[in-house]
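Novice: If you're matching them up, the sequences are chains R and E in order.
Here the first sequence stands for residues 1 to 381, numbered as in the working numbering.
Here the second sequence stands for residues 1 to 256, numbered as in the working numbering.
Just so you know, the hints here were simulated from the structure itself, not pulled from any lab data.
Quick reminder that beta carbons are idealized off the backbone N, C-alpha and C, glycines included.
Watch out, some of these pointers could steer you wrong.
Stated by the list, open to error - Covered stretches of chain E, going by a simulated chain R footprint (3 or more residues, C-beta under 8 Å):
(1) 88 to 96
(2) 109 to 121
(3) 145 to 157
(4) 172 to 178
(5) 205 to 216
Unchecked claim - Partner residues aside, some chain E positions facing chain R, computed with beta carbon under 7 Å:
(6) P37
(7) T40
(8) A186
One letter stands for each residue in the lines below.
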Amino acid sequence: VRFSDAARPELRDPGARRRRRRAAAEARVRRADAVDGFPGWEALREAGAAIRERTLRELGTHLETLEAAVEEEGGHVHWARDAAEARRIIDGLLPDGVPAALVRSDVTDEIGLDGAEPGPHSKAAVVGAGFLVAETGTLVVADRGDGLTFPGTLVVVAGIEDVVPDWTDLEVLLQLVSRAGAGVPMLPAVATRAGDFALVLLDNGRTTVLADPDGRAALRCVHCSACADVCPVYQRTGPRPYGPGRAGPIGAVLTPQTRGVEAPLGASLPFASTLCGACADVCPVKIDIPAMLVHLRGRVVDARRGRPVPPPEMLLMRGLAWSMGDQHRYERTLVRRARWARLLSRDGRIRRLPGLLGKWTDARDLPAPPRQTFRAWWRRR
Amino acid sequence: VRIAVFVTCWGDALFPATGRAVVRLLEHLGHEVVFDPAQTCCGHMHWTAGYHLEATALARRLTEMFAGHDVIVTPSASCAATVRTAYPRMDPALAGLPVYELSELLVDVLGVIDVGARYPHRVTYQPTCHSLRALALGDRPLRLLRAVRDLELADLPEAGECCGFGGAFAMKNADTSVAMVADKIARIHETGADVVCAADDSCLTHIGGALSRLRSGVRAVHLAEILASGLGAAGPERVPGDLGRADAAAPRSDAP
């Protein structure tokens, strides 16, 4: 399903739009307090971005360290290629006939798990990890007051990129998540647990993302949700049109990379943004989401270039580029299009245009082009 | 200072009044203005729509065309941002073309805040996304507007939020785009302004087009037109045969 089609029903719910707007406005105020008033913020962002870049570059090494450390603590690591395999592994690890509790995370959402929060009588729990510290094999869940001391079976799920080399790096990342996500200097409760658990590490397209030098920075994400809180598109549409992966700006760059740019969702998500840049401004690990969206738009278009019958948009864009490539062609186009546009106008406005441009005039007028272009005025003055 | 104008394809065809205002303003300030008719398009639309080969060819063309100019001005924050931030990404050899957005040129290069304009209207300023974030114009446009005689400046609530234009976004996600501009227009109406002003005709086409469809009465006017209003004793220049100016409800119009 294309983003634009999935967005239409969401736009019709003014209550939900109002609630998202209010929540986002409150989150922005909190974050502004924690970030603008903190002189070290830019340096902290730089440090966080560098830590995440270095971790991704040496991801194999850190994952081996993590695996060894978890096994030393009595745990075991399982590798899942995709969401279905992750679900199968988790099913096999959980005791039969006992409902498993869930501490949700973006990764547990990604593989489609659900369940209630763990209580004192939970016999088994699945926990979505915040971070995993490689050197000690430690599970970290930010903003969790009641700890991770479940008596029964514990299965931890994480993406392969959620690994953090050591505790020094973790401290930097926790400060970033706290300030950018929750708007506090440090989350009051960060739960940790040493590696006596079954750990399921999920790939699900992440190695493909790592292979693209222009897209890999998306995996720096530390799951703070700041980008969604400032995204004007997300505030109107909510999470659903972004499909089964992450929602908001980070989803618009991750989903097309993990699922490809050929299917309608992956081909439309890079365009589900005005490139306003608000997300890049707040991202605590400096992911340049707009630049990445433009890169992915290039991949969407390139995938269409080879088609035997070019789509109408491609014909239009190539034709425009051809016209713009030469002064005389450009001037001829100006005169012809302006004449044609004036024919469609009334009282200086165009209220309806045919074809692709009709999307504009569905709800907006277009001014009729004046009789004299700027260049014509310049020549005559 | 000898200043080359990059009027932009959009401005050339649809909003020539903006380019004329730039010329009038800079000449009024005593500068020499040149316009090379070989210029076409910076490639912004192709770049952001994913047509990177085509955009890069246009970028090369524009860079070669403006080679040798020390100061180039454009009344479009998004075209200026394309030259500054996208060109080096297309090809590192395309970095460094000295293109300034109008308010940058006035405040940073020419050192002018009060250009001598007079504009008796209540105006609110929309800092477009490329003005605000890509170029970081800050309060330059506001300082210029505050110095305009008889202009009453009204603060726009939630000004930093995108109007929903986004080039291809306005077509590919027309419903969400319109939802965004509807909210933007609600904020504009809250200000009680009769003119909404910005440093970019592309966003103003969107905001102005929606205001026009709604018969809101509020007009979208480019910063350059306001700054070129009432300069000298003769008053604003009129161009014979230019339609769309006389109709106050038209989506965009020349400076009144």
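Novice: So which of the earlier hints does this model not fit?
Specialist: 1, 2, 3 and 8
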